[in-house]
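Q: Listed here are the chains, written in short residue letters.
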Amino acid sequence: MKLNIVRLQQGQDMPEKPLHQPLEASTGGFIGVKQTTSDAYPYPLRLVKKAPTETYGKLFLGVEESNMSALKKRFKEKLKEAKKLREKVGDPIALGKSLIEISEDEADQKLSTFKGYKYVSKKS
Amino acid sequence: MSAKSLSFNDPLPSDVVIYADASFILNVIAGITNRREKFQIDCEAFLKRLKGEIDSDNLYLVTSDFAIDEICYKIIENSLSKNVPFFDSSSGKTYNTPKELFKKKPEIIQLFIPKVDRFYLYLESIPFFVLSYPELKDLPEPLYLQVKRLIASYNLYPADAYHIAVAQSAGINYFVAVDSDWFRIDDINLYTCLPTP
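Residue numbers (my numbering), protein chains in the order written: chain A, 1024 to 1147; chain B, 36 to 232.
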């Protein structure tokens, strides 16, 4: 992974030359990080050059690649659990649709017996 | 510059993480909230496409704590709205607004817990991976400052700014949302069924 790391002053645009400096703002100003190619670093390392009130460089750093890999790995584990769950609940998209009538009926039924309250619907 | 707008019929990327905004999820769970969201059919069809790619390990779908908060609130608020006026036979009083009903009879929330449970079941079975703020460690810029910058830069509501900040902090730059405000955000890939302005 190659990154262009540059130190910016307020109002300065992102230069295109790489500087090998540590990722910390020690002298005030801002540190900008820009991806070298579109696929070299797949995260939104971007320079925000303009804001409504001022022009400034700003660090916008995504997570480390290892964290993204970890996220994908955890998702795959979750997907395995989801597939097991689907064996019980069926297709989740269909589940969403089938809940319309059930939820209304169930709510009405529960409301009618809920701690002695009487439900007065909008229709009545 | 603005968001790169992609329709629900455009090709899906491979091996990327897509962040689902609450506006999208609220459409696909319209059944659970008893709401008939305007774009429900389009969103359901797109979710079906996403699910196919997810099941083939080609795609990852996430959302965040902030979306869960927003959706649970909508489920409860909508349920309260549906159940007013509410007559309390024990006191002889009638509560005419959702806010009044909740403030006077907060235990009524118990009636809507099954709906929340179903929503969680739905999340788990698609699945949506839920990004939690505590997982976003060692951010170079605290989330709340990112949010302030996003609000100011793109004229966003805080909730939308939080979604963007959480996703981008996790390195995600593909989104699905049904909210025209998102078109203003630079350099994101936005799947939506809304017409490009």
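Because the hints were derived from the structure by calculation, they are not lab data. One should not assume that every hint holds.
Label-pair restraints from in silico Cβ distances [claimed, not checked]:
no., chain 1, residue 1, chain 2, residue 2, range
1, B, Asp152, A, Lys1106, 30 to 38 Å
2, B, Gln145, A, Lys1107, 23 to 31 Å
3, B, Ile76, A, Lys1099, 28 to 36 Å
4, B, Ser42, A, Asp1114, 22 to 30 Å
By construction, the Cβ of each residue, glycine as well, lies at the ideal position given by its N, Cα and C atoms.
Q: Look at each hint and say if it fits the structure.
A: Now the hints, each set against the structure:
The hinted window of 30 to 38 Å between Asp152(B) and Lys1106(A) is violated, with their beta carbons roughly 20 Å apart. For the pair Gln145(B) and Lys1107(A), the supplied restraint of 23 to 31 Å holds, since their beta-carbon distance comes to about 29 Å. In this structure the supplied range 28 to 36 Å holds for Ile76(B) paired with Lys1099(A), their Cβ-Cβ distance being about 30 Å. Taking 22 to 30 Å as the suggested C-beta distance range, the pair Ser42(B) and Asp1114(A) conforms, at roughly 24 Å.
The structure shown violates just one earlier hint, number 1.
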